[in-house]
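*Asks:* Chain residues, written in single-letter form:
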Amino acid sequence: MHVKMHEKQIKVIEGNKCKKGVEYALEEVLNPRRVLTSSVLILGGELPIVSVKTLHPIQKEKISDALAEIKRSVVNAPIRSGEIVIKNVADTGINIVATKTVPRKRFLKLNQRRC
Amino acid sequence: MIEHSVDVAVIGGGPAGLAAAVSAKEHGADQIVVIERNSWLGGILQQCIHDGFGVEETGKSLTGPEYAEHYINMALQRNIQIMLETMVIELKGNREIVAVNSNGLHNIKAKSVILAMGCRERTRWNTMIPGTRPSGIYTAGVAQSFINLQNIMVGRKVVIVGSGDVGLIMARRMKLEGAEVVAVIEILPHPSGLLRNVVQCLEDYDIPLLLNHTVTNIEGKERVERVTISRVDKNMKPISGTEKQIECDTILLSLGLIPENELSRMAKVEINDRTGAPSVNQELETNIPGIFACGNCLHVHDTVDMLSIEAKKAGKSAAEYITNADRKQYETVIHVVPGKGVRYVVPQRINMHGKTELMLRAKKPMEPATLQVTANNKVLLIKKLLCATPSSMIKVDIVVSREVFVSRDVLEVKLIG
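Heads up: the sequence lines are chains Y and P, in that order.
Counting from 1, position 3 in the first sequence corresponds to residue 3 in the working numbering; the numbering is continuous, with no gaps.
Counting from 1, position 366 in the second sequence corresponds to residue 1366 in the working numbering; the numbering is continuous, with no gaps.
Only chain Y is shown next, with the shape it has when bound in the complex (with noise of 0.2 Å):
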């Protein structure tokens, strides 16, 4: 495909296959937005961090931003797929959610052993 701008103002756009690449072609031109994923520190749980993700995707520029947050941030366990984990992430209005669920730790009992 192919955009010609002129001043930040799209001219032209062709070579797209379907409808929607005129829209994917616009968002990327002008408001290009990516989902986020990264992990997160959780506690108390099976496994040492959470994997999430940006429900939906973000401005670029706040990428960054984002990330300091969601470095700053600790969960407790137990998490489920799904969950807010940092709500209105970077003042971007869209939240950051587990994806994947995490369950307390058991811990052994004395007479179990793992070999």
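Check before you lean on any hint, since a few could be wrong.
Claimed, not checked - Take a look, some chain Y residues computed to stay more than 10 Å from chain P by CB distance:
hint, residue
1, HIS2
2, VAL3
3, GLU14
4, THR37
5, SER51
6, LYS60
7, LEU67
8, GLU69
9, VAL75
10, ASN76
11, ALA77
12, ILE86
13, PHE107
Said to hold, decoys possible - Calculated cross-link-like contacts (lysine to any residue; reagent style SDA-like; alpha-carbon spacing at most 20 Å):
hint, chain 1, residue 1, chain 2, residue 2
14, Y, LYS62, P, PRO1238
15, P, LYS1175, Y, ALA68
16, Y, LYS62, P, LYS1175
17, Y, LYS71, P, TYR1205
18, P, LYS1060, Y, SER81
19, Y, LYS60, P, PRO1208
20, Y, LYS62, P, ASP1204
21, P, LYS1060, Y, GLU23
Derived by calculation from the structure, the hints in this document are not laboratory data.
Glycine included, each C-beta is placed from N, C-alpha and C at the ideal position.
Fit chain P to the given chain Y structure using the hints.
*Replies:* Same frame as chain Y, but now just chain P:
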């Protein structure tokens, strides 16, 4: 030995194994066990925390763990037995499996077996990158598992060798976790991964992609200190005089994936020399009756969506093998071979006339390309494609007439530019 008797034994609890198990249940198999060496199901998907999975299948772009959870729930809901932290150590031609876990040794007698062991990463020693052997050299997938499963950061200043999707995804992951990603080195004149990943992993983060380059030396005493890269000619040979050094403390190798078939070979399953994986018929059955193969251990897939479709077919075949429903098979077998321009074709054998789906990959990028399937001089299919590239699997349906089937001619699949 703890004895078990099952209808279907699935080796591997990743996306292929799970989809195959669910499908086998839906097609009438009753006692199904999935044997998985890790302490979790979902295989490699659990460390693929990025999105892009399931778009074709569900319409939504899911992350790896979300896609995995979908299939794990389906398997559990259908009462499929799971053995975790269980390693299969022997597969026999009579479909008996010996496996070991903390409860001891298990002997599993299965009416049918589905191979779903996935694939492994090519290591430094597959390509013999010269130099010292310092710490800090990882295959990209291992680095991904350290970061995404164990919360361990693998390095601060990284060079990535190979621009396949795993390497591209890891370039972004390392950057997002605060590392300096100095460059991605690619020996070919074009990136190996999806364009979407080149944009969203490299361009978005200003990570340089050095095409037509290869790593010719690794230096460092205890830890990686630098790499030497060279430009290559059109035969992929380093051009002397073009050497450059890049300071780094970590190297991620993304050199390609190899189907894992140690168990297949042990059971004397016939291996195809082009795929390095079991040779199968249109039902995804290997040369050993009742042993089926699917997923990345059969051939590496581009998307998990396509992999799941294939795995479901294997599950159906494995179930029908037992219930014997509608199993019209003939003694005649015709062979399907990759001809000009084609790296490999799956399936490699057809033992029934009628409609069959072929999956293949091009040897090199071609634009445009014409796909031709011929039997002796008879043309079964001619299809014009806008382009063909090794990184995009091509799927086509062909119809094998009774006439062609009975003639036992070899089916040749060609891609002509």
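*Asks:* Each hint needs a verdict: does it hold in this structure or not?
*Replies:* Results of checking the hints against the structure:
1. At the 10 Å boundary, the C-beta of HIS2 of chain Y stays outside the reach of chain P, the nearest C-beta of that chain being 15 Å off.
2. Non-interface call for VAL3 of chain Y relative to chain P: holds, since the shortest CB-CB distance, roughly 14 Å, exceeds 10 Å.
3. The claim that GLU14 of chain Y is not at the interface with chain P holds, since no C-beta of that chain comes within 10 Å of its own (minimum 16 Å).
4. The beta carbon of THR37 of chain Y sits about 5 Å from the closest Cβ of chain P, which is not more than 10 Å, so the claim that it is off the interface is violated.
5. With a closest Cβ-Cβ approach of about 4 Å to chain P, SER51 of chain Y is found to fall inside the 10 Å limit, against its non-interface label.
6. Look at LYS60 of chain Y: its CB is around 7 Å from the nearest CB on chain P, not clear of 10 Å, so calling it non-interface is violated.
7. A cut-off of 10 Å between C-beta atoms contradicts the statement that LEU67 of chain Y is not in contact with chain P; the least separation is 6 Å.
8. Look at GLU69 of chain Y: its CB is around 13 Å from the nearest CB on chain P, clear of 10 Å, so calling it non-interface holds up.
9. Its beta-carbon lying about 13 Å from the closest one in chain P, VAL75 of chain Y satisfies the requirement of being farther than 10 Å from that chain.
10. With a cut of 10 Å on Cβ distances, ASN76 of chain Y stays outside the contact zone with chain P, its closest approach being about 16 Å.
11. With a closest Cβ-Cβ approach of about 14 Å to chain P, ALA77 of chain Y is found to remain outside the 10 Å limit, as its non-interface label requires.
12. The beta carbon of ILE86 of chain Y is kept farther than 10 Å from every beta carbon of chain P, the shortest such distance being approximately 15 Å.
13. Residue placement check: PHE107 of chain Y keeps its beta carbon more than 10 Å from all beta carbons of chain P (closest about 16 Å).
14. For a cut-off of 20 Å, the pair hint linking LYS62 of chain Y to PRO1238 of chain P is broken: about 41 Å separates their Cα positions.
15. Annotation: proposed proximity of LYS1175 of chain P to ALA68 of chain Y holds, straight-line Cα distance about 13 Å (limit 20 Å).
16. Between LYS62 of chain Y and LYS1175 of chain P, the direct Cα distance comes to roughly 15 Å. Compliance with the 20 Å bound is thereby established for this hinted pair.
17. Restraint check for LYS71 of chain Y and TYR1205 of chain P: satisfied, since their Cα atoms lie roughly 19 Å apart, inside the 20 Å limit.
18. Of the supplied pair hints, the one linking LYS1060 of chain P and SER81 of chain Y holds, its CA atoms being roughly 15 Å apart against a limit of 20 Å.
19. Restraint check for LYS60 of chain Y and PRO1208 of chain P: the C-alpha separation of about 19 Å stays at or below 20 Å, so the hint holds.
20. Straight-line distance between C-alpha atoms of LYS62 of chain Y and ASP1204 of chain P comes to about 13 Å, which keeps the hinted pair within the 20 Å bound.
21. For the suggested pair LYS1060 of chain P and GLU23 of chain Y, the alpha carbons sit about 17 Å apart, so the restraint of at most 20 Å is met.
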